[in-house]
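*Asks:* Sequence:
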Amino acid sequence: MCQHYFQTRRGNKRVKSLMSAFVDLEAGVDREEVLEASEEEITDFIQDAPDEDDISDVDDAPTAGPSTVAPVLGIPEQEKMWTDLLERASLRATRGQTVPDTNNKNSIHDVPPEFWALSVFPGWEDIVVFHIGRCARPELGIKAAFIMPLLEKQVWLEVEMSYTLKAWLQDIPGVRLRNQQPILHALSPLDGFGAPLSTNSSKPLVVGSWVRIRRGKSKGDTGMVGKVYPWGCKVLLIPRLDPSARDKKHGKRRRLDDNLAPKLFNRGAIELDGSEKLKVLNKGEERYLWRDLVYEYDLLVRRISFSQVEMAREIPDSLAGLFAQSRHPLVRRYRQKLPRISEWCLVVGDPIMDTSSGRVGLVGSVEDHGLEIECDEGLFTVPWAHCRKTFQVGQYVEITEDCVDRWAGWIHAIEDGLVHVVSHNAQMNDKVEMREVHPNLVMVSTPPSSLPLPPKKDQDPIRRTKECPWKGTLVLIVRRNHRWRGKTGYVEDAIVVNNPSGKPVLSLLVRLASYDPNTPYPTLWFEYLDVVDEESYLPLNEALPLADNDDNLYHKHVPTTYVLEEKGRRVYLEPEPQAEADPGNRTPLPDPAERCLSPAWDPSAPEPGSSLAVSSPTYWCTDRRLHGFQFRAKYQGLNIVAAVRAKLNGSDGLKCVREDTSLHEELDPAAVLPIHPTARHYDMFLVISGEHCGKWVRGIQYKKISPKDRSDLEWTVAVVIPRTPFMHDDLTDERLVLHSSCMTLANETAISRNLNENLRRQLRKPARER
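Numbering (full-length UniProt numbering), first residue to last: 1 to 770.
Since no wrong hints were added, every one of them can be taken at face value.
Each computed EDC-like pair below joins lysine to aspartate or glutamate, with the alpha-carbon atoms no more than 16 Å apart:
hint, residue 1, residue 2
1, LYS337, ASP354
2, LYS634, GLU665
3, LYS556, GLU542
4, LYS263, ASP317
5, LYS166, GLU139
6, LYS471, GLU542
7, LYS655, ASP623
8, LYS634, ASP660
9, LYS655, ASP668
10, LYS655, GLU666
11, LYS487, GLU534
12, LYS634, ASP668
13, LYS471, ASP493
14, LYS487, GLU535
15, LYS279, ASP292
16, LYS703, GLU714
17, LYS647, ASP623
18, LYS503, GLU527
19, LYS647, GLU665
20, LYS647, ASP668
21, LYS655, GLU665
22, LYS143, GLU160
23, LYS634, GLU659
24, LYS219, GLU310
25, LYS153, ASP126
26, LYS471, GLU527
27, LYS471, GLU534
28, LYS634, GLU666
29, LYS704, GLU714
30, LYS765, ASP683
Here are the in silico distance ranges between beta carbons for each label pair:
hint, residue 1, residue 2, range
31, LYS166, ASN266, 49 to 57 Å
32, VAL432, LYS219, 40 to 48 Å
33, VAL496, ALA646, 28 to 36 Å
34, HIS728, PRO504, 28 to 36 Å
35, ASN639, LYS708, 20 to 28 Å
36, THR749, THR678, 17 to 25 Å
37, GLU310, ASN758, 52 to 60 Å
38, ARG479, SER501, 16 to 24 Å
39, MET311, LEU346, 14 to 22 Å
40, SER536, LYS708, 39 to 47 Å
No lab work stands behind these hints: they were computed from the structure. In this text, a Cβ means the ideal position worked out from N, Cα and C, and glycines have one as well.
Work out the full structure: start from the sequences and follow the hints.
*Replies:* This is the structure in structure tokens:
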């Protein structure tokens with residue numbers, strides 16, 4: 001059915017205009033008066049005279065059929081109008097084409113009138129039709145102007161096209177132009193004959209239908225049709241307007257916003273606020289005007305053309321709940337037409353109960369309007385509003401409302417149409433959490449299976465041998481980018497194989513210690529440096545040395561390990577007890593924990609006698625607590641890497657050797673000087689004196705004691721435990737405050753720096769934020 005139509009007869013200057021309710025509001029107002037009127041006068045004019053159609057929206061709302069359209073023409077008059085229109089189209093189709101008259105400058109083609117499609121801007125269709133119906137002169141020859149439903153941005157004209165008409169159309173607001181000419185498309189008589197008939201086959205909108213707005217301020221919102229007009233419909237929506245949202249600085253009002261959550265219109269809250277006036281349009285129907293928007297009861301009213309709406313197949317659960325709380329009588333009357341809730345989980349085979357009749361059956365098929373359930377009595381169609389899934393107490397279900405966090409548990413009870421689900425929550429101190437949800441928001445799931453732990457072994461079945469004492473040892477896998485990295489396993493076998501380059505390497509067969517029901521006790525081969533001892537974090541030959549003989553096959557192929565493996569020792573050697581000597585026989589040693597600025601003895605005291613025997617001095621680089629550690633030091637003006645080693649001549653003494661050369665020469669301990677950390681050092685340090693001697697630390701922050709001496713610093717450090725290659729250090733909770741003279745720089749490799757870069761930043765972050 002067309003939406004706007006007017007007809008003129010040849011020889012009769014009388015124009016019969018048929019306008020919609022949208023046009024009738026301003027039909028009697030002069031155009032000049034409208035342009036000169038202020039905004040308040042226009043608002044008062046529209047508000048003080050509500051439409052007659054709106055007054056009878058609730059009481060006289062029809063249910064279905066053609067009577068749901070607002071009465072513009074009677075049914076017999078409409079049929080007669082369309083019959084005459086189609087007869088003229090058929091008559092034009094049978095006539096032949098004549099030769100155009102070139103003397104007539106006003107006519108383009110000397111042919112009978114035909115249909116033309118005039119291109120307009122979106123949303124301007126009603127304005128263009130209204131302008132043509134009001135301002136068209138009879139000499140232009142316009143027989144009809146209307147809008148076809150489902151055809152956007154077009155106005156159909158039945159007219160004999162001419163240059164005069166084209167010039168007149170280009171001045172109409174909303175008409176699209178190309179090269180300063182209106183965009184027109186000629187339609188054949190058959191197109192004009194079939195186009196009106198195509199609208200009868202489309203499904204019409206009726207009161208109670210649920211639609212989704214396609215464009216505009218309310219784009220994407222879902223609402224219910226409250227009334228149908230020839231050009232569109234009235235839609236009831238949940239408002240997205242915050243009553244308190246007002247810009248006090250600029251005095252601007254905040255209108256509909258997609259970011260605001262939808263909520264029902266609250267008249268009491270607005271009247272209590274009193275900042276803006278609320279105008280009552282109709283007290284009996286509770287119609288209000290607030291911020292230039294019309295509200296009925298607690299819903300927003302918007303009049304939208306057919307081209308801007310489409311049938312809604314789903315509605316969110318939050319909007320459906322707000323419509324259920326609404327007091328609007330139309331929503332309560334047509335509640336059974338509610339579309340499907342988008343969060344519902346209903347599939348074929350689910351047990352369903354019809355709440356209106358009490359029937360129980362299985363879902364046979366899922367349709368747009370509802371479900372078809374198979375009962376003992378036969379096949380029935382149940383609307384979405386009456387569908388409810390059935391469950392039993394004790395079933396394990398999963399809530400599908402939140403796709404991110406699928407919450408599962410057991411059904412505890414079913415009361416008041418809601419399912420009570422309980423579940424164990426380990427994050428709440430092993431408490432039980434309960435939720436109440438709609439039955440259609442849950443689905444039956446498989447309960448978790450609790451597998452028993454594997455039996456604990458009383459003894460290791462893998463036998464150790466003298467040639468390979470590593471069998472049965474619990475190791476930690478440290479291979480980079482491996483799926484088993486960080487897991488523990490037992491060494492089952494060791495073998496020497498050739499790598500792809502042909503070099504023989506030592507490989508270990510490791511059996512995973514953790515239980516996996518899919519692959520119980522899997523095994524995999526690793527190279528020697530890919531695993532370390534789980535207890536000491538040392539390579540296997542360091543934790544469990546092999547027999548040092550020529551017959552041992554594995555001893556020849558064990559790779560040489562350097563400082564990073566040796567730094568991982570957790571057990572620090574305590575200093576051996578020394579016999580107390582007579583205080584007069586030697587110079588008393590200063591306390592290494594403090595910087596001793598006083599002389600070693602009283603200058604006024606007499607010099608020691610020559611008869612006293614002087615014992616060999618003790619140096620910091622031969623301390624037993626530093627045995628096996630590598631550090632950076634200065635020797636004869638050079639920066640070197642030194643280490644404390646045991647002497648090989650059978651004595652119990654220690655020596656300081658150079659490690660950055662292949663000679664490993666023994667150094668004079670008196671000439672070995674530590675490299676104390678300065679303000680630019682934030683790497684790993686080694687404590688060389690005091691009660692914390694032998695600990696590895698990392699700098700957190702420092703404090704200057706002397707403004708002139710840059711090395712006079714007091715450091716706050718954290719104690720760390722170095723790991724083997726390809727693993728970052730273990731950070732302990734111990735924090736120390738040490739002077740820089742109590743520490744020396746550690747020999748940290750580039751791999752260790754890269755692995756512990758995040759640890760360094762983490763330690764320094766609190767100091768940087770201050």
